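Could you build all of it, start to finish, from the sequences and the hints given here?
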Amino acid sequence: MPKTLTRREFLKIAAGATAATGLAPAVRSIVIEPFVRPPEELLPGQATWYASTCRQCPAGCGIIVRTINGRAKKIEGNPLHPLNRGKLCARGQAGLQVLYNPDRLKNAVRQSGGRGSRQFEPLYWPEALDLLSDKIAALSSAERIAFLGGLMPSHVYRLAARLFETLGAAPPIIYDLQSALEGRSAASQLSQAFFGAPDLPVYDISQSDVVLSFGANLLETWMSPVAQSAAYGAMRQGGMGSRGLFVQFEPRLSATAASADEWIPVRPGAEGFVALAIGRIIVEERLGHVGSHRTQAVLYQNVDVREMATASDVPVETLRRLAGAFADADRAVAIPGGYLAGQRNGFSSMLAVQALNLVVAQVGREGGVFLSNPGPTAALRQNLPVNAFDEVMDLIVRMKAGEIDLLLVHGANPMYELPAAAGFAEAITRVPFVVSFSPFVDETAVWADLILPDHTYLESWGYQVPSPGADRPVVSSQQPVVRPLYDTLAAADVLLGLAARLGGKPAEALPWEDEASYLEETVGELHGSSLGAYDARTPSGFWALWRQYGGWWSEKKIRREPELTEVVQKPLPISDPQFEGDPEDYPFHLYPYSSIILSDGRGANLPWLQEAPDPMTTVQWGMWVELNPKTASALGVSDNDIVQVESPHGMLEAPVVIYPGIRPDVVAIPVGQGHQDYGRFAQAVSGSNPLVLVAPVTDPSTGALAWGATRVRLKPTGRKQILARLESLDGNGRESLG
Amino acid sequence: MATDANLSVENDRRWVLVVDLDRCTGCQACVVACHAENNIPVVGEKQAAYGRWMHWIIIQRYWEGEYPNVKARFMPVMCQQCTEAPCEPVCPVFATYHNAEGLNAQIYNRCIGTRFCGSACPYKVRTYNWFRPEFPEPLTEQLNPDVTVRTRGIMEKCTFCIQRIRRAEIDSQAEGRILADGEIQPACVQTCPTSALVFGDLGDPDSRASQLARSHRSFRLLPELGTDPGVIYLKGGETNV
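If you read the protein sequences in the order shown, they are chains A and B. Anchor point for the first sequence: position 724 equals 724 in my numbering, and the numbering is continuous, going up by one each time. Anchor point for the second sequence: position 175 equals 913 in my numbering, and the numbering is continuous, going up by one each time.
FYI, nobody ran anything at the bench for these hints, they're computed from the structure. Careful, some of the hints might be misleading.
Under 10 Å between C-beta atoms, here's a sample of chain A residues computed to sit facing chain B [claimed, not checked]:
(1) Val210
(2) Glu611
(3) Lys630
Example chain A residues on the side facing chain B (calculated, C-beta under 8 Å, incomplete) [to be verified]:
(4) Gly77
(5) Leu88
(6) Cys89
(7) Arg243
(8) Ala258
(9) Pro265
(10) Ile597
(11) Gln620
(12) Trp621
(13) Pro660
Capping the alpha-carbon separation at 25 Å, the derived lysine-lysine pairs in PhoX-like fashion look like this [said to hold, decoys possible]:
(14) A:Lys715 with A:Lys630
(15) B:Lys784 with A:Lys720
(16) A:Lys73 with A:Lys106
(17) B:Lys973 with B:Lys809
(18) A:Lys630 with B:Lys809
(19) B:Lys973 with B:Lys862
Model, not experiment: these values are computed from the prediction. Glycine included, C-beta positions come from ideal geometry on N, C-alpha and C.
Put into structure tokens, the structure is as follows:
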């Protein structure tokens with residue numbers, strides 16, 4: 001008979017068992033604690049990649065940055081990003097040198113020796129913000145404050161615009177040289193006229209059989225060069241069989257034209273005439289697809305092909321041949337570029353080029369022109385509107401009249417980027433207090449009382465809706481990939497700090513604690529969209545994925561077909577180009593062009609970019625004047641001979657590069673060198689800024705700077721300056737000089 | 739030699755770089771990417787004017803014709819990774835040698851700076867450190883820890899980003915899988931906006947590089963020298979109407 005177990009006995013046994021278990025050998029694992037605790041994601045020697053957005057130009061390409069031990073080591077394109085698909089240009093690759101530039105400002109500073117003294121005294125941030133908010137509070141009226149911005153992330157613009165609105169001041173003016181050279185404001189106005197929306201169109205080069213580019217250096221700096229270059233590669237060798245026809249119309253053979261099948265050296269300012277003539281030939285001779293262009297005859301009723309051919313210097317046979325190719329192609333696209341916008345008849349030329357897409361019914365078609373679909377990004381999309389040059393001129397006039405007491409400058413360098421003749425240098429002296437947000441002491445910061453250095457882009461937060469966009473809705477996200485190197489402060493946080501200090505309405509309108517919380521709230525608008533390539537259950541999950549992938553985009557291609565406005569039922573305007581300077585005194589056209597390496601001069605402080613040769617001239621670390629061989633021999637000058645270039649507004653000297661691909665009546669000078677300030681690498685180069693020559697004239701229809709409308713004359717100086725060139729001019733190869 | 743050749747670092751791979759001249763736009767993205775990846779110093783204006791630039795890849799530009807019928811063509815030129823490399827036999831200290839994967843490797847700490855290899859190279863792609871490279875602080879932070887910083891007196895050249903090749907090989911080996919075609923991307927290939935550059939194994943007939951190498955457009959630089967380069971060019975075309 002089994003022994004019955006009483007309750008008391010059971011408890012005794014159970015207690016004994018517990019005690020026996022506790023007597024197991026004391027082998028415990030105890031984690032030893034290091035004195036210095038590294039961040040969790042940091043494994044020594046192991047790379048971590050963070051996604052962000054490139055800010056070397058306004059395109060908004062996605063990047064991923066390799067970081068090791070908390071230091072950024074290499075920038076690559078984000079392979080998932082729909083705009084650049086893992087690719088990056090030279091300027092994007094050089095971004096590390098913005099971060100690690102030895103000439104960065106390390107803290108907020110005040111110019112102790114007065115403006116222009118270049119003597120800086122460090123300032124404690126709260127003190128700097130107090131100083132600035134006192135200046136704002138002391139303004140006699142809100143109209144006496146102005147914000148001049150350039151390339152800036154969307155959230156900084158939105159916060160600045162919001163702050164200025166509550167103050168009752170005019171919204172920020174956005175203008176920089178890059179956007180002027182690519183004709184951004186004019187392109188936006190062109191879209192408005194044609195499609196009723198200011199969004200920049202996407203020209204579908206990759207799917208196109210015939211591309212006619214009118215002064216668009218689409219493989220260099222114009223609009224979205226990486227996306228366009230990828231499309232160009234696909235056009236050439238991506239499909240089966242045909243490699244496409246690419247024709248470039250411009251007075252100088254650019255690096256883009258070098259990749260074209262044909263370069264047509266049009267007379268400066270006459271590009272629109274070429275487009276008009278091609279259009280006229282298509283409608284008149286009923287070229288291409290039957291019936292597609294009947295309704296467009298009215299556009300060309302005033303166009304005389306022969307007249308246009310004479311005015312543009314392009315033979316009628318060439319026009320007829322290209323008209324045939326363009327009209328007969330299944331998919332064809334005509335692109336109005338930046339050089340057109342830089343003429344006084346720019347807008348009518350751009351209208352004429354865009355009309356070609358209409359005539360051959362390529363609007364909204366694959367291989368033609370379409371708009372990018374904003375998707376649910378419409379709310380975020382308050383993209384910074386780029387202002388035209390005449391709005392900057394208005395500001396300069398007000399500054400000169402003493403109507404501005406406080407000027408804030410962010411992401412632009414107007415002292416360098418505006419034509420010298422616009423008078424900004426004089427105007428800034430009339431402004432009692434100037435604040436710059438530049439991380440570097442550039443030409444404008446030198447004239448600031450206070451410099452509040454923003455983080456560089458690899459240390460910053462932000463977002464950007466790329467414009468022109470991709471083939472689907474996309475927003476690029478920017479996050480710090482490294483901790484800020486120095487005691488700099490995000491411009492957005494400065495604005496939020498100012499609002500809090502000012503109290504009242506500004507503080508109510510900008511209640512966010514910091515820019516990251518503002519961004520988290522803003523991008524939350526995208527959470528829950530069915531279009532997204534990813535979605536999360538919670539807003540914080542979405543915020544994490546947004547940062548992980550470097551933005552938000554649609555999984556599928558979604559394009560937007562533009563709706564045409566009534567502009568298309570009126571005859572196209574024909575207007576002659578006008579130039580500053582008497583042709584007798586100033587026989588040459590000046591063509592200042594955006595450098596593929598330095599863009600508008602922003603890249604001049606990066607040694608990698610200075611060292612990279614210009615693709616066409618192979619010049620490194622230099623600035624030069626391009627002349628046609630005939631022009632040069634008529635002047636009696638050759639390579640490396642210094643010539644004096646003089647316009648009605650200014651003069652500069654630079655060595656000559658004999659350039660076979662330029663019209664004999666044109667003188668081309670790259671933009672980007674000639675920095676007085678902006679750091680040791682920018683200042684090391686002996687060069688001049690061609691903007692001293694440029695007349696501050698505009699295209700009256702758009703208000704855009706007509707930067708290609710100045711005439712110049714040339715004078716040999718008899719002196720020489722040997723340019724550093726990769727190309728060996730004597731044919732002896734490397735290390736044969738000196 | 740490990741039993742499974744695919745999982746061994748020693749194998750009969752033949753790395754090649756295909757350069758499609760029909761896609762190349764001369765944009766210099768590869769040049770800057772190469773500087774960033776390989777810790778290549780900049781020499782400045784004065785030395786550059788002497789032809790003492792340090793680029794491992796250069797974009798040569800050739801003019802054809804006269805105004806107005808003028809054309810410019812680009813040709814990126816980097817170390818051709820020759821099978822019969824003229825640079826190798828002239829090195830007195832075996833600093834430049836041929837590795838098992840067909841690469842011309844350069845061992846920096848063997849190099850004594852005779853510059854014989856640079857003289858022997860018919861492609862003129864070797865660069866010599868005439869001076870100690872300078873990286874003003876904090877530009878030293880940009881340096882890639884995977885790549886040696888060379889000092890004065892050392893010859894250097896394109897390595898096909900051997901550190902990336904090795905990393906991919908070792909990672910795939912550790913994960914016990916076969917290296918996929920296209921997994922290795924030298925810095926220039928990775929960044930090229932037009933995808934003009936394709937890197938791959940010529941030993942694998944199905945690799946994208948092998949397929950392109952069989953194209954009717956393919957040619958090699960200075961074939962008459964019999965160097966059998968590992969850089970394969972695809973000639974550019976022209977569309978006429």
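**Prompt:** Against chain B, is Ala258 (chain A) within 8 Å by beta-carbon distance?
**Reply:** 4 Å, holds
**Request:** Please verify that hint: Pro660 (chain A), Cβ, nearest Cβ of chain B, below 8 Å or not.
**Result:** 5 Å, holds
**Prompt:** Does Lys630 (chain A) pass the interface check with chain B, least Cβ-Cβ distance below 10 Å?
**Reply:** Status holds, d = 7 Å.
**Asked** Lys73 (chain A) and Lys106 (chain A): Cα distance at most 25 Å?
**Response** 21 Å, holds
**Interface hint outcome for Val210 (chain A) [beta carbon to chain B under 10 Å]** = 9 Å, holds
**Asked** Are Ile597 (chain A) and chain B close enough, Cβ to Cβ, to be under 8 Å, as the hint says?
**Response** With a closest approach of 6 Å, the Ile597 (chain A) hint holds.
**Asked** If you take the shortest Cβ to Cβ gap from Leu88 (chain A) to chain B, is it below 8 Å?
**Response** 5 Å, holds
**Message:** Tell me if the interface restraint on Glu611 (chain A) is satisfied: Cβ within less than 10 Å of some Cβ in chain B.
**Reply:** 4 Å, holds
**Message:** Under 8 Å is the threshold here; is the Cβ of Gly77 (chain A) close enough to any Cβ of chain B for the hint to stand?
**Reply:** Nearest chain B Cβ about 7 Å off; hint holds.
**chain B contact restraint for Gln620 (chain A) - C-beta distance below 8 Å** = 5 Å, holds
**Request:** Verify the proposed pairing of Lys973 (chain B) with Lys862 (chain B), using a straight-line Cα cut of 25 Å.
**Result:** 21 Å, holds
**Prompt:** Are the Cα positions of Lys715 (chain A) and Lys630 (chain A) separated by 25 Å at most?
**Reply:** Holds, because 15 Å separates the two Cα atoms, which is no more than 25 Å.
Of the numbered hints stated above, none is contradicted by the structure.
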